[in-house]
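If you read the protein sequences in the order shown, they are chains G, X and P. So the first sequence is numbered by this note's numbering: it starts at 3 and just counts up by one. So the second sequence is numbered by this note's numbering: it starts at 2 and just counts up by one. So the third sequence is numbered by this note's numbering: it starts at 615 and just counts up by one.
Note that these hints are calculated values from the structure, not bench results. Quantities reported herein were computed from a predicted structural model and do not represent experimental measurements. Careful, some of the hints might be misleading.
[As the list claims (entries may be wrong)] The calculated DSSO-like cross-link candidates involving lysine-lysine, where the alpha carbons are at most 30 Å apart (straight line), are:
| id | chain 1 | residue 1 | chain 2 | residue 2 |
| --- | --- | --- | --- | --- |
| 1 | X | 37 | P | 954 |
| 2 | X | 66 | P | 954 |
| 3 | X | 96 | P | 616 |
| 4 | P | 796 | G | 27 |
| 5 | P | 796 | P | 616 |
| 6 | X | 37 | P | 870 |
| 7 | P | 1008 | P | 622 |
| 8 | P | 751 | P | 673 |
| 9 | P | 882 | P | 724 |
| 10 | G | 29 | P | 796 |
| 11 | X | 37 | P | 1008 |
| 12 | P | 870 | P | 724 |
| 13 | P | 684 | P | 882 |
| 14 | P | 882 | X | 96 |
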Amino acid sequence: MLAVAMILTTLGIYLLNNHGALTRKMKNQILGISTNIVAAALFCNLYGVTRGLFIYLAMFALLGMLLTFLLGSKKRV
Amino acid sequence: MIIVCKQWLNTVFCRFNSDARTASMQRKNITFNGFKNRTFLAIVLTLIASVVMIPGMATYLPLHKNDAIGLPTLFFPFIWTALFIYSYMARSITKVWLVMSALILIHIACIYFALSGNTP
Amino acid sequence: MKSITIKKLYTLHSWVGLITGILLFVIAFTGAVAVFTRPELKIWANEEIRAEIPIQSHKIATTIEQYAEKVGPAYLEEVHIRLPSTRNSETARVIYEGHFDTPNGGEEHKGTVYEFHPLNWSLVTENDMETFFNLEKYDMSTFLAHFHADLHLGRPLGFILTGLLGLTLMVSIVTGLFIHRKILAQLFTFRISKTFSLMLNDGHKVMSVWAVLFHSVIAFTGAFLGLATVILVPAAAYVGFNGDQEKLLETFTAIKAPIIANVAQPTKLADIIDISIQQRPDLTFDNVSIMGYGDQNALVYISGDGSDQLGGETLVYHGATAEYIRTQAKFGRLEGITGKILDAMFPLHFGNFGGLLVKSIWAILGLSTALVPITGLMLWIERGLNAQNPTHSKRTYQNFNKLLIGSCGGVVLATVALFIAQLLFNKVMPNQDHTDMIFITFFGIWLGALILPFIINQALALKAIVLGSGLLMVLIMPLDALLTGSHIFNVFETQHYVSVSVDLTMLFLGTLLLVVYSKMTQKHRALNSMPISTTAIEGGA
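Using the sequences plus the hints, can you model the full thing?
The following block contains the structure:
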């Protein structure tokens, strides 16, 4: 379940990223946010609400940062 | 190493002191008026005010005793940060002096009345 | 927002960063390493505790009883046991403490501290409480943890300094958030193919913005933990407790003393430990406190981590009957919200509330907290060097760059060198106090690295520090295998899972650093000749 939660967080962040900028597509925004909400719920289920929420937020920050560094910007923003 | 430290201090102060004159810095830095005054307020009075507010707030916060004592302690970093930034950002230095002095005096009065057992 | 306001905030942001940046890196970097101090690095640094240690409840109970007779009834008001099974220290520690009236009407706490071998519970040291808590005995893990807490400057100076750094980090975060208003739009912006300055600028923003909550939590909890004992608790106790800090701490502490009946009845310690392990397999128990040992009304508090409760849980038992009374959080049993916040405060700073996963996340995000001020300072240097009309001379920027390389690179090199030093000291001076040697190694290497960029070419110095750190990291695993005989190929036999994992992690990180070194060497010439667009940098701010 932990792996699924992490994958969903990564996917959610990836959906929000549009070549180095926050996506303007409503569909992607909704999908990205929903995926992250599901990931947060999974973390809460695994670790309890308080711990799970903190772990999700930390994971979101870490994966977001790493993804941004790895993907870079394909076009100038 | 000493030279570097001197240069570093020089760098820090030249950057903000409007009176500082260096060969490369002909234009005056007017970002902050009364820089020294503001720095004194930000470093000295901010610390005094935020420390005095910890026991001071405990006297009037309408909360359970644990929270009345505990919350001001937890608020300390936020109060310090807010006052520090306010010291530099406020337009009028006089206003900063007034706010800081008022905060300190009011909270000292609260502490005095709490310790002496009198209510103002 | 008006442009003058933004300019003021920007100036304040850069000023605070310029003054505190290097120190913030040092604190944040050692903090990222210190996340693993207890127990991982503690286990790695001490051969005796590398294999798992079972909780020997009966051995513990008989040892406590034996030494209780030795210290006498006056010192049985509080008995505190640090269980060796969590391997948070190299010994099992027992404190027998009594409360004594002073001539001026106050109360004095006196006691004896015994340290036992973690496996066979043979006596290692015996000290009175005052001597023990003033002892400065460090291995590399405790050295790093204390260095992070107070830079080894002691109390109150060290704590005030680290606490103030937490506060200034909060100022940097608040001003930074106002300056970078287009946070969401630039959240994913990292332009690696453009100029070096632009990459620094984007890197600074990406690390700041993504981890802004983490930085804020670390700044707030760090400021609180640093200033708590030196400013906050004395100030809080001033009115509520008439300046009596101990009374305040007692009010907020979960462990309460019972009303002593003065009727002797054995405390069923072994039963209580066994019941706790059986009833709560999710918890890893680390401390036991017995209030009124050997009395009919004795209370036993056994605390552990690992459950959903953020700050750990404490199980309370009636000592004489081993009857379970309740489960409480450390501060959470207090009425009001303060206890709940205090319970969250410590684990959120140390990252010890979700096993190795959370520790690893905390360490990586902690490294980003360290890199944010560094990228900011590098950006300031870059802009200064490339500006048409710079505020300071070129030499000033270059010297600042040297200071940055020496101090920040030096602390990384010195930290890595401690691993090698610990292995060598354990071998050459077994069962001896290595504190002085640890201090000399760390500060000697740091000082050397600090001077290096001023002696040789700064780019060469940076490469030397990166290469040195990488090589030392890679060397840890073979040296450990050579000196202790513990390695990956006999790990199932020795059960040294934690220490071998530390070795492997260091090998991986060392290899990574060597790859970085190799890339640096390849790209050094290309990077030097790369044109730097000042307008692009300014545009990014």
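Each hint, compared with the structure:
no., hint, verdict
1, 37/X <-> 954/P, "41 Å, violated"
2, 66/X <-> 954/P, "15 Å, holds"
3, 96/X <-> 616/P, "20 Å, holds"
4, 796/P <-> 27/G, "18 Å, holds"
5, 796/P <-> 616/P, "15 Å, holds"
6, 37/X <-> 870/P, "50 Å, violated"
7, 1008/P <-> 622/P, "25 Å, holds"
8, 751/P <-> 673/P, "27 Å, holds"
9, 882/P <-> 724/P, "25 Å, holds"
10, 29/G <-> 796/P, "22 Å, holds"
11, 37/X <-> 1008/P, "27 Å, holds"
12, 870/P <-> 724/P, "18 Å, holds"
13, 684/P <-> 882/P, "19 Å, holds"
14, 882/P <-> 96/X, "65 Å, violated"
In summary, the structure is inconsistent with hints 1, 6 and 14 from the numbered list given earlier, while agreeing with the others.
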